[in-house]
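*Asks:* The residues making up each chain are set out below.
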Amino acid sequence: MEKIQVWVSDVVLLQPDRAVLRKIKPMFSDSEAEARITDSRRRSDTPPDGAPSGPLASKWTRHKDTSKLISPANRRKYTIIVVGSGLAGASAAATLSEQGYNVKCFCYQDSPRRAHSIAAQGGINAAKNYQNDGDSVYRLFYETIKGGDFRAREANVYRLAEVSASIIDQCVAQGVPFAREYGGLLANRSFGGTQVSRTFYAAGQTGQQLLLGAYQSLSKEIAKGGVTMYARTEMLDLVTVEGHAKGVVVRDMVTGKISSHAGDAVLLCTGGYGNVFYLSTNAKGCNVTSTWRAHKRGAWFANPCYTQIHPTCIPVSGAYQSKLTLMSESLRNDGRCWVPKRKEDCGKPPGSIAEEDRDYYLERKYPSFGNLAPRDIASRSAKEQCDDGRGVGPGGLGVYLDFADSIKRLGRKAIEERYGNLFQMYEQITGENAYEQPMRIFPAVHYTMGGLWVDYNLMSNIPGLHVLGEANFSDHGANRLGASALMQGLADGYFVIPATLPNYLATQKPGVVSERDADFKRVEADVNERTSKLLSINGKRSADSFHRELGLLIWDKCGMARTKEGLTEALRKIPALREEFWSNLRVPGSGDQFNPQLALAGRVADFLEFGELLCNDALQREESCGGHFRSEHQDEGEARRDDDQFSYVAAWEYTGDLARPKLHKEWLEYEEVHFSTRSYR
Amino acid sequence: MAVQKNSLDLTLKIWRQAGPDAAGRFETHEAKGIPDSASFLEMLDIVNERIITEGGEPVAFDHDCREGICGMCSLVINGMPHGPNRGVTTCQLHMRSFRSGDTIWIEPFRANAFPVIRDLAVDRRAFDRIVQAGGYVSVRTGSAPEANGLPVAKQDADAAFAAAACIGCGACVAACKNASAMLFVSAKVTHLNLLPQGKPEAQKRALSMVRAMDAEGFGNCTNQYECEAVCPKSISADYIRKLNRDYRNSSLADIAG
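Heads up: the sequence lines are chains A and B, in that order.
Quick note: my numbering has the first sequence finishing at residue 700, numbered continuously throughout.
Quick note: my numbering has the second sequence finishing at residue 1333, numbered continuously throughout.
Incorrect hints may have been included.
Unchecked claim - Here are the simulated lysine to aspartate or glutamate pairs, EDC-like style, with alpha carbons at most 16 Å apart:
1. A:684 with A:663
2. A:559 with B:1125
3. A:362 with A:424
4. A:559 with B:1130
5. B:1230 with A:200
6. A:384 with A:655
7. A:315 with A:663
8. B:1230 with A:436
9. B:1253 with B:1222
10. B:1275 with B:1232
11. A:427 with A:374
12. A:559 with B:1133
13. A:315 with A:655
14. A:583 with A:631
15. A:276 with A:548
None of these hints come from the bench; they were simulated from the model.
Here the structure is a predicted model, which is why all the values come from computation and not from measurement.
Model the full structure from these sequences, guided by the hints.
*Replies:* Written out as structure tokens, the structure is:
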């Protein structure tokens, strides 16, 4: 295989001259199809992904044309359970209700408007090419596949890029106040891993504005009666009837009442599992419970080891720390990352370190992308500098993000306009003014690419169970590019699931299961038993203390760099910690009251099981790719993939024994693109 | 760039209330050795951790993102919703804003329309119901026109964004002596009514959202602007004037049929 050829184009595309374009064209043609590895070992043992055959660019259209439909008069007979009210959940619930389905939507927050999508800062990608800078659906598709280090499905990613433009149309129509230019048209900014400007934004609050758009659409449908909203209600288990997902068991977090809800399909839109690390940029309440419970009822968990460590977060300041705060990637448009060249300079005030004594390490290592290198690469580079003893701030765990040059070039006012709220947030937390001295930043867990396995219809291996947004595994491969999470959440909810869900519904007679059925009673009994158990241990340690201990262990052994030795150690320690949890936990209060400690304990119990699968997945993947970096597999700090052995999706089946999950492989077949070494140099 | 490692000894007077109909009371807790770089909620975490290990019942409070955007955290701290600093939420308030030896009074947001659930957590679903009355543009997914088909003057887009920055926390209600929700309602009405996309429903929106607000038991605005002073997103009380104008015009149109 020609390894570096494709991404020479990162450089050559800066000068799109015809001769060069002719030269790179064959890279995307089928002429190298023989380079693809197709030996008999590579037979997937997952269900087919269900994407239609034929040219990539017309797959989605063809799929929609041949998908089943439910007639408008019949839709109201179907009840759809949507768990989660973030971008994926709110957009799906609102859209399905608009189409006439009967929707029940659940969220653990006190209002659907508070789901953690609200905290996304930088923006949302869309292949509109409003900047006339060479963007296209194909380009967004290719950059997402490449950014994901060739570990995502071609057809899913192409569809994502294809519907991206409609998302912007939809959001603008809802009144989302995107940033605009003086002519009144939409503005764009750049993000990591790309060389075009395709990111739409609303200051540093893009997630907030998009979520409010979806929340308002959801509110419209609640008012109309199409959606019944259950806030402060947490899903604690999935109910399957004859192998199909037909409902959920939930706990009303105010009264403590445990009850069932039956439906004709279940949509999990419950986000990622980043809080397994304890410290992350996720909200405190984000958890793995719904997807983990579904996993224990049979849903396969795919690629859990693909976790994203975001390069620009505010460093940890003490042992009491409860969460980490992201500083948007967009800051790297105008901020320059550096550390002192000499270790002895690290304690000095940054202003006193002369220009020639600074190491602008991203610009040095990746001249064509510079400070806009993708997240996994920027994070690892920051870690490298700190490991080299040149980190700054407490414990040497930080690097500078310096705006001095941009302030000199553009003026303080321009920087204030672009990032004012971020600078203010930084000052609140650190007490430092980033207009006058560089920010100190350090990588932190931010997003999880892994999730429940789904097919092209976003349905898991359990018929009827659909998984949307960050909770599924399908679109970002081993690393997600900035501003693509919002795109995926809304693509799944507004445009994909409304078109694909009928493929399942049409095979089902609506309304045949009821909460009174034995299957529901059985799962309810399980949930009641687990809850009573948590309350009755009456030990000495809080749920939070177990969570912290687990998080430190996972961060240490399964964080930015992983080794066989470290993962093996973690796999030895996690079961021991879990055992202590179930014998020494203390949950105050009772089950029939508003009891945040009880909710937390249930989530920590699930993290303590999930952490083991995470480490098992990281252990079996003997390669480095994207956010998964195995120290044994590297070329001087650059990830070394092994496409021959590992270009598969690892889909794990729960076997009843946490230590021995069963691995299923879905080999990734690329028809349009070819594996290449990902280079941003 | 040394981070100060100062710590504080504090006396906390925390509101405890078992449920919406139970009587509440202040409970005194000594919080010693609190790092000044901890956030206010992390200070409460430290206190709760101690209560749990000593066998007591921890203080219930709402929180989630802990970065000032979800609107889940609340608390009235020394009489001020979200505490003494302007333009921040409780989760963004850090202990360096206090001094060792301080006594800090911690209460829930108080309003008839926000009943207490337990201790410091309150029920703010009334805000959701107000939005359900008209805080949206009635556009169906899939029917949107091309995004750049309708230019929006930058100053209108920027003004709409400033109003849309409201996080729906309810501090405005907690600060108001009438427990009015006018700042919240006016921010949403201003956001949508300023944009061409929101114009077709502008009149109906103002009318129905104000009616929903009244039905929820929020009070009237008497122009004290406490709401603006405590708003963590510095939402301008000017929007209330705009809302009053929209409401008056809508009412007249409504009467005229």
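*Asks:* Give a verdict on every hint.
*Replies:* Hint check results:
With a C-alpha separation of about 13 Å, the suggested pairing of residue 684 of chain A with residue 663 of chain A holds against the 16 Å cut-off. Using a Cα cut-off of 16 Å, the hinted pair residue 559 of chain A and residue 1125 of chain B holds, with the two alpha carbons roughly 11 Å apart. Proposed proximity of residue 362 of chain A and residue 424 of chain A is contradicted: the alpha carbons are some 24 Å apart, above 16 Å. A threshold of 16 Å between alpha carbons decides the hint, and for residue 559 of chain A with residue 1130 of chain B the separation of about 9 Å falls inside it, so the pair holds.
Straight-line distance between C-alpha atoms of residue 1230 of chain B and residue 200 of chain A comes to about 6 Å, which keeps the hinted pair within the 16 Å bound. A distance of roughly 12 Å separates the Cα atoms of residue 384 of chain A and residue 655 of chain A; the hinted pair therefore holds under the 16 Å criterion. Between the alpha carbons of residue 315 of chain A and residue 663 of chain A the distance comes to roughly 31 Å, so the proposed pair goes past 16 Å and is violated. A distance of roughly 13 Å separates the Cα atoms of residue 1230 of chain B and residue 436 of chain A; the hinted pair therefore holds under the 16 Å criterion.
In summary, the hint linking residue 1253 of chain B to residue 1222 of chain B is not supported, as the alpha carbons are separated by about 46 Å, beyond the 16 Å threshold. Taking the CA atoms of residue 1275 of chain B and residue 1232 of chain B, the gap is about 13 Å. The hint holds against a cut of 16 Å. For the proposed pair residue 427 of chain A and residue 374 of chain A, the alpha carbon gap of about 15 Å is at most 16 Å, so the pair holds. For the suggested pair residue 559 of chain A and residue 1133 of chain B, the alpha carbons sit about 13 Å apart, so the restraint of at most 16 Å is met.
The hinted pair formed by residue 315 of chain A and residue 655 of chain A fails the criterion: a straight-line CA distance of about 40 Å is larger than 16 Å. Only pairs whose Cα atoms come within 16 Å are accepted, and residue 583 of chain A paired with residue 631 of chain A is accepted, the gap being roughly 14 Å. Among the hinted pairs, residue 276 of chain A with residue 548 of chain A is consistent with the structure: their alpha-carbon atoms are about 13 Å apart, no more than 16 Å.
Of the numbered hints listed earlier, those contradicted by the structure are 3, 7, 9, 13.
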